[in-house]
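Please work from the sequences and hints to get the whole structure.
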Amino acid sequence: MATTNHSRRSFLSSLGGGLGGIALAHLLGRSGLLADSPRAELNGGLHHPAKVRRIVQLFMNGGVSQMDTFDYKPELEKRHGEKIDFGLTAAATSTPGAIMKSPFAWKQHGRCGRWVSSVFPHMAEIVDDLAFLMAMASKTNVHGPASYLQNTGFLLPGFPCMGAWISYGLGSVSDDLPTFVVLPDSRGLPYNNAGNFSAGFLPMSHQGTIIKPTAPTPINDLSPPDWAGHITPESETAGLALLEQVNREHQESRSDDLRLESRIDSYELAAKMQLSAPEALDLSQETTATHRDYGLDRPETADFGRNCLTARRMLERGVRFVQIWSGMGGPSKNWDNHSDIPRELPFIAASVDQPIAALVRDLRRRGMLEDTLVIWTTEFGRMPFTQGATGRDHNGGTFVTWLAGAGVKPGIAHGQSDEFSYQAAEGKTECYDLHATVLHLLGIDHERLTWRHNGIDRRLTDVHGHVIRQVLA
Amino acid sequence: MSIVLLFIAATTARGVAAEPAKVRFERDVQPIFSAKCLTCHGAAEKRGGVGLSDREAALAELHSGLYAIVPGKPEESELLRRVASEDPSERMPAKGEPLTAAEVAVVRRWIEQGAEWPPHWAYRLLERPAIPDPANLAYAEWAQTPIDLFILARLEELGLQPSPPADHRTFLRRVTFDLLGLPPTPEEMEAFLADDSPQAHQRAIDRLLASPHFGERWARHWMDVVHYAETHGHDQDRPRPHAWPYRDYLIRSFNEDKPYGRFVEEQVAGDALYPGDPQAIIATGFLATGPWDESSLRDIREDTIDREIARYLDRDDIVHTVMATFNSATVHCARCHDHKFDPIAHEEYYGLQAVFAGTGKGNRPLDADPQVAKRRKALQEKIAALPALRENVDPRLLAPEVQEEIAAWEAKLANAASPWVVLEPETYSAEKGSTLTKQSDGSLLAGGERPETEIYTITASAPIENITGVRLEVLTDPSLPHQGPGRQDNGNLHLNEFTFAVNSSPADLVNPKADFDQQEWTAAMAIDGKPATAWGVYPEVGKPHQAVFELREAIAVEGDATLTFRLEQTHGGGHLIGRPRLSITSAKAPLPLDVNSLPDEIAEVLRTPPRERDNQQRASLAAHYLHEKWTAELASLPPQQLVYCGSNDFQPDGSFRPAAAPRPIHILHRGDVRQPGEEAQPGSLSFIDNFGGAFDLDNPSDEGARRAALARWLSDSRNVLTWRSIVNRLWSYHFGRGLVDTPNDFGRMGATPTHPDLLDWLAVELLESGGSLKHIHRLIVTSAVYQQSSNAECGLRNAELFFSIPHSALRTPHSFDSDNRYLWRMNRTRLDAESIRDAALSVSGMLDRTMGGPSVKQFIQTPGVHVTPNVDYRNFDVDDPANHRRSVYRFIFRTLPDPFMETLDCPDASQLAAKRNESVTALQALAMLNNSFMVRQSERLAERLRNERPELLEQIERLYELVLNRQPTETELSAFAEHAGAYGLANACRVLFNSNAFMFVD
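Protein sequences appear in the order of chains F and D.
Okay, so the first sequence: first residue is 1 according to the numbering used here, each after it adds one.
Okay, so the second sequence: first residue is 10001 according to the numbering used here, each after it adds one.
You can trust all of the hints, since none of them are fake.
Covered stretches of chain D, as calculated for chain F (at least 3 residues, CB under 8 Å):
id: 1; region: 10235 to 10245
id: 2; region: 10306 to 10313
id: 3; region: 10743 to 10756
id: 4; region: 10915 to 10928
Label pairs and their in silico Cβ distance ranges:
id: 5; chain 1: F; residue 1: Pro-233; chain 2: D; residue 2: Pro-10854; range: 41 to 49 Å
id: 6; chain 1: F; residue 1: Leu-42; chain 2: D; residue 2: Pro-10212; range: 55 to 63 Å
id: 7; chain 1: D; residue 1: Glu-10951; chain 2: F; residue 2: Glu-316; range: 52 to 60 Å
It should be emphasised that the hints constitute simulated quantities derived from the structure, not laboratory data.
Beta carbons: idealized from backbone N, C-alpha and C, even for Gly.
Right under this line is the structure:
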């Protein structure tokens, strides 16, 4: 594990020894001097040629019911209402009920003939673009640890999420927007709140920047507070010039300290970001047709659609990783349908269905799918039996994730669950495999992207992870 | 780096012999093995039979029959041949970069010189090393303390020279931020500059070490190390309103200079070792600093595997925290298998888990006043002893003075007959299937399988003619959980609605009153007509309670009238009444609450005339009387405070309760709870030379005793890691980097000490000073190495004058120690997030120096949809007084941290952060420029300047004195005056807050 990559990183880090190693790396990284910065001959990869340069992850918070969306199970219809002993005395929050068939209509779609339930009519139209992981599994049936697991590879808080690792591994594509952007559900943050977007023990600069496109200040501190009347465009220009002047004078007798230079630069970048971020968030530049495609014209899809369209604009402008969330924490307004699948699921499904399909089509139309990866996922699945009358409890045994875009074989499915969609049966994959695959597509060997913390060379994939070759193009 | 240095040292520069330097294993060879070899050839995995974790393994015969290392014979050493090989197919390491030529040469010379392999530096005996002899040092006059001689000896060995002292301004700014986390005031600076006595530095240091702000600063460092925060950190990120006493304990301990051994013991087992000391109980907040998975540990069903996994991970957090904090040991690496690099066995890790097998995190009640604690304990013991006294008809109960007291009490009792008449239930039913059994005292005892909800309907006839009120007593019974009075697992009940009818016509109940109301669950809620609200009694379970209700209008009843009571308990979760009893009264309002209704047996005794009572009866009565008396006395003590800590004595939280005894802990194959192996016994590690980790426990089922044994093991003077670890932490915070650069990892994969002798010398010094951390702080900040200039160029220029040596003879260290590992200059440090915030407040004049107390929320908190509240930093009133407290008093929210502080590298509070990362980003620049807190402080500072100085130029001078502790240059003065003139003083203040000169300390 003591690879080139790692030792160079340690070297750079020790050069500043916690006293500017990072700032130095930052500077060197930007001027292309960092040995393990993305390598042109590897198409921007670190260890092998990269297929993907940027990623958008759609995270359905709460646990999407797989057998009511993408995992068609005729057996459930046959045995609807039967009590089947799964050897389970207790689900996470309830006692197992009887088998419940999916209350929705199912049809095969696309050339690939993928089964999709009626809750996703739009995604059904793009199945030929998607590669499904039909037997994803989680180690836990509890939201908090499960969300941490899918995001960071660990059940506990405090570990870096995938976006942070990618930011650490590859850095930014552009200087004037954050590298890793998070667009939460407009109603609120998911389970674990910002814990899901944490940089953990990595430098804080790698954590997700939360953007709320409709908030008065979409990015924290992008502009001065409204009440600060003394700050005007003129004072700002003069102030930044004065700041640079005093910083340059200060630095003159301290020229060996690269952190000082780095901070001077950071104000230049900040000024650029102040201009480019509002431009990136300005959806009025998009056509009415685009607005309609993403569902911005209808209240039920407008929020999620806005985030999808914003994500596309961010990716276009050089953001490396965008994570879009559907669903907030708490007992409702998310995918955690404990009490009433027939009523709750179609509602939340409709809010994302059209926008997601529009995003994939839009990326394709613009040629961006050539180097963009789209990931659709959730923290776990749900049970084949009822909770209460028509709800379903948590089930880490099996759930569905799909990938689309660069480096991914379209129109296929890998793995399958058992006849009830209770457990992964064949081609079981876990978050480690998904993460390893994503890093692989970025040109990164998941075993070689490490950070020494409290005695362990930590990885996104812990001690696990196999690239899922079956879905690679 | 050290290899390169070694060669330069060996071949050039003054003061170093021309002979090849002696290779030192751990300084020169160990780092190569750690980086290139140990992954495959460590303690656990010895590929090809090659083990490089210790000398014995390294000299052993290989599978191939060859030897990796033959001391003194490099040509026979297979290891050397393989690392030097030109053939990639046989060259080691098999994966990754080959060794450099210099590295190969070091290994070769080490083998030539006999392959000496001392025990690992961190585990070996601690002895006071000899201080280098100044007579052998060229720059000895530079040294102020023994520390300096250690540093100097190494510098000279490398052909380097130290830097001259920093100027006085720089020094005071440096040491004040370092010790207090605040800038010096202009007045402090002036006084210091005016003091030209040789003791000036010493006096300033003494003043700072005595400041109460010292404890605040160093507690904040400790809070990083132990991942302190005040919420649970998972999806149910519940605030912990009682976590802060631990933070105050830290501040107090650092200020009082609590002996370090005692400080260690208190945090791990203060409750068990020093039960009379409330501070020692608060100290165990340490065990509960980390995250807690409420969903898995409390909400989901107890019989799930997820609950089991969560318990295991929670114990892992405690074990990891304890061992990383005090011993810089990475025990968590032995969770799935033996530690790959360090001598920590898989079993030993589970021995540590067993130490905490009964430890839970929760709110523990305690008395802040030791006198009250003593009194409470005495009363509790006396009460606990009563049943036995009574059983044995102990003469103490029959003593004349006790009997006299009883006689007086009896007389009073006779005059205060209860106005309540207990009803005899005639019919009684439970709709959801509970059984109700009538008791001799008129109560009904509920039993049978406990339903989720229940409704009791009870009828009785009226023994009196005029009814003015009704009373519901909920009584205890041994058959109920926690003795009741409820049937919920925690002893609680919820009475959602309570109705009373006379001959089927409902009576209007008013003025509800209970002897105890659960917070937000009052007796009034039992008659409010809202099914969602109810009366509850938690946490006052295990004792009877009662609620009384007046009738809006008194009702006159005939002899055959039927009274009907309906007790709706529809909250769910089995919150049912275990033993209800109903009474009515004709007394006038306000109705009395009878808190002391007498048990049947005592009532019986009282009916017997005193002279006719036998001793058994007298003893029973005395026991009852004393019980009541002492219970009342207990109740009159000042209320207890709560502290969120780790122990087996805490208030239950739903289904999360203190374990009756430590749970059995099994050694888990691959760390998998589904693969339990043998049961582990509580114990610690055996990796320290001559110091075992076995415990000798008299009573292994005593949870506290297990922790006490570990605490004593940690604080033992033979536990060399404890003492090495802490002096390294102190060094690390003073210099920005430890003598060991991995403060939480002293194992073989951790960093090697740059100055092993100095580390040991400091550790011994700490031990022999009785564990005084302030002694170590003082030694460090009075040293020449701490006081030297941080400026590389300036240092070199001045060194010419200071040491009177020609510039040409000076070695420029840039080329080979540019990161200053050997401290030829002081490190320049960037202020951390808290210091930036506190300094801004200090100079703006807004800093509130109040110490201690509950944490201040620098955000708007509103209820969330579930447990986790909504937290809004952006719209928080920037002028709220909470914003003016020091940052150490901020309420720290795990999953919703303050974005401003995060941008400035405040670590994720779910991880142990032995040292902080330091980043520079555009978002950080934006935060410093635009965050409302910073903008407002620049406005406040401008106001202050205008108040203190009439003229603009004076204001700018004052601005510089306050923010940078110096006068502006002429250029600066005119530039800032011009800016302030054009755009206002607040803009000028804002620019200076953003300057590198403010953000960095030279």
